[in-house]
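Q: What follows is each chain in one-letter form.
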Amino acid sequence: MKKTMLKVVVCAVMVVAMAGWAAGIGTHLFAAAMTSANGLGSGPANGPAEVKIDNYSFMPGDLTVAAGTTVTWVNHDDVPHTVRTLDGTIKSKALDTDDKFSMTFDKPGTYEYFCSIHPKMTAKVVVK
Amino acid sequence: MGDFIKDNFNKDGVDRRGFLKCMAWAGTGTLCVIQGGVLKSFALSDMANRALATAKADLSFVQISDSHIGFDKAANPDVTATLDAAIAKVNALEAAPSFVLHTGDLSHLSKPAEFDTLDQRLKSLRTDKIFYVPGEHDVLNDDGVQYRERYGKGSKGDGWYSFDQKGVHFIGLVNVMNLKAGGLGNLGKEQLEFVEDDVKHLKSSTPIVVFAHIPLWSVYPEWGWGTDDGAQALGYLKRFGSVSVLNGHIHQVMQKVEGNVTFHTAMSTAFPQPQPGTAPSPGPMKVPADKLRGLLGVTDVNFVRGKETLAVVDSTLA
Numbered sequence: 001m002k003k004t005m006l007k008v009v010v011c012a013v014m015v016v017a018m019a020g021w022a023a024g025i026g027t028h029l030f031a032a033a034m035t036s037a038n039g040l041g042s043g044p045a046n047g048p049a050e051v052k053i054d055n056y057s058f059m060p061g062d063l064t065v066a067a068g069t070t071v072t073w074v075n076h077d078d079v080p081h082t083v084r085t086l087d088g089t090i091k092s093k094a095l096d097t098d099d100k101f102s103m104t105f106d107k108p109g110t111y112e113y114f115c116s117i118h119p120k121m122t123a124k125v126v127v128k
Numbered sequence: 001m002g003d004f005i006k007d008n009f010n011k012d013g014v015d016r017r018g019f020l021k022c023m024a025w026a027g028t029g030t031l032c033v034i035q036g037g038v039l040k041s042f043a044l045s046d047m048a049n050r051a052l053a054t055a056k057a058d059l060s061f062v063q064i065s066d067s068h069i070g071f072d073k074a075a076n077p078d079v080t081a082t083l084d085a086a087i088a089k090v091n092a093l094e095a096a097p098s099f100v101l102h103t104g105d106l107s108h109l110s111k112p113a114e115f116d117t118l119d120q121r122l123k124s125l126r127t128d129k130i131f132y133v134p135g136e137h138d139v140l141n142d143d144g145v146q147y148r149e150r151y152g153k154g155s156k157g158d159g160w161y162s163f164d165q166k167g168v169h170f171i172g173l174v175n176v177m178n179l180k181a182g183g184l185g186n187l188g189k190e191q192l193e194f195v196e197d198d199v200k201h202l203k204s205s206t207p208i209v210v211f212a213h214i215p216l217w218s219v220y221p222e223w224g225w226g227t228d229d230g231a232q233a234l235g236y237l238k239r240f241g242s243v244s245v246l247n248g249h250i251h252q253v254m255q256k257v258e259g260n261v262t263f264h265t266a267m268s269t270a271f272p273q274p275q276p277g278t279a280p281s282p283g284p285m286k287v288p289a290d291k292l293r294g295l296l297g298v299t300d301v302n303f304v305r306g307k308e309t310l311a312v313v314d315s316t317l318a
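Chains E and C, in that order, give the protein sequences.
Everything in the first sequence is counted per the working numbering, starting at 1 for the first residue and increasing by one.
Everything in the second sequence is counted per the working numbering, starting at 1 for the first residue and increasing by one.
None of these hints come from the bench; they were simulated from the model.
Mixed in with the good hints there might be a few duds.
[Claimed, not checked] Which chain C residues face chain E? A few, computed with CB under 10 angstroms, are given here: (1) Phe71; (2) Lys73; (3) Leu109; (4) Leu140; (5) Phe163; (6) Leu179; (7) Ala181; (8) Gly182; (9) Asn186; (10) Lys189; (11) Gly224; (12) Gln275; (13) Thr278; (14) Ser281; (15) Lys286.
[As the list claims (entries may be wrong)] Straight-line alpha carbon distances no greater than 25 angstroms define the calculated BS3-like cross-link-like pairs of lysine-lysine that follow: (16) Lys111/C / Lys93/E; (17) Lys129/C / Lys120/E; (18) Lys120/E / Lys73/C.
We put the beta carbon where it would ideally sit given N, CA and C, even for glycine.
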């Protein structure tokens, strides 16, 4: 008797949890579509673009901009970070909290970069 | 006393067991002891063994780490004051340590004034010598040129070196340079060759202590807490009966025993960092002001020859 009731409760919890999970995914997809339509995130940006450095992450981690766009990185963390392309051609100084680094991308291409202090932090700028 | 962990490793016992693991988090008040191959946990109040270890030690030294002089954010607006508290803790030890190891992140932003402040403060340490290895915060913008000018006299490559003290062989390594995208800490080919060559002439019975900033073992790769070629360096030390690896970087106590190797990370003198995976990132952890000094500290290490015993005692600043 007790066992059966427990099963029912577990099932109910799972159903609620899965519904919440599905709803979460839906919201996320919707948000992504909205962002894209606004020209931020995955679509090429026309004006200046910004990459936030927060919680040891570059956001967005995958930024697409039109050639000639100036991208500015702003460090919101309490520790310094850098912006460095894999080939080392673009290389910022260590950015302390609230420090910024800007780069104008004239040549189309994919620019993969990382933080040379915390190399797990990787991201890219795609210039079209 | 804010002491909260003590380890006694008996080499023979660990060898029989092959693998033993002991982890203790800063502030949990765990005491782990390995004796005769059996891992035991004790309450903090049992400090009798500590006094015994110090009294019988052939060599005792202290490790301090991650002072981050120049850091002024909410997690600790006064890192100089907590460094001073760490120095006072060391100076209050029953016997002055033979030397002090600083395992890096001396400064927060590699600024000359930050190094100056550290140097000035450390002058009051009651010890004969201080040995350093750099943290990633000490080699910003200049590939470590300034660090080596100040702290790397007589060292090789990016600042690695070795020395002997009372029959114990110490190796200071640099794993914060030339980091690769997506990777962890890095020693590099030249430094690995140095390690291999450095220990060639040593007897297998020589106790070895390796110290470097970033953990040489894989603590939590998701947060970069490990060294890509750390295992290769440790591979050259396999034939030695007693190997101790001392690191900083993660601002909390963690330890592991694997065969004849004991791994240990020290607390910071500046600010705590979260336990792996418990926060969105490993950034400085803000705790209530009255809790801060309970999460900062110094590490006292004692060797007893003959018994081949290593005792590691972490003391908080609280």
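Q: A separate judgement is required for each hint: does it hold in the structure or not?
A: Verification of the hints:
no.	hint	result
1	Phe71	8 angstroms, holds
2	Lys73	4 angstroms, holds
3	Leu109	6 angstroms, holds
4	Leu140	4 angstroms, holds
5	Phe163	28 angstroms, violated
6	Leu179	4 angstroms, holds
7	Ala181	4 angstroms, holds
8	Gly182	5 angstroms, holds
9	Asn186	8 angstroms, holds
10	Lys189	18 angstroms, violated
11	Gly224	4 angstroms, holds
12	Gln275	16 angstroms, violated
13	Thr278	13 angstroms, violated
14	Ser281	4 angstroms, holds
15	Lys286	9 angstroms, holds
16	Lys111/C / Lys93/E	13 angstroms, holds
17	Lys129/C / Lys120/E	35 angstroms, violated
18	Lys120/E / Lys73/C	23 angstroms, holds
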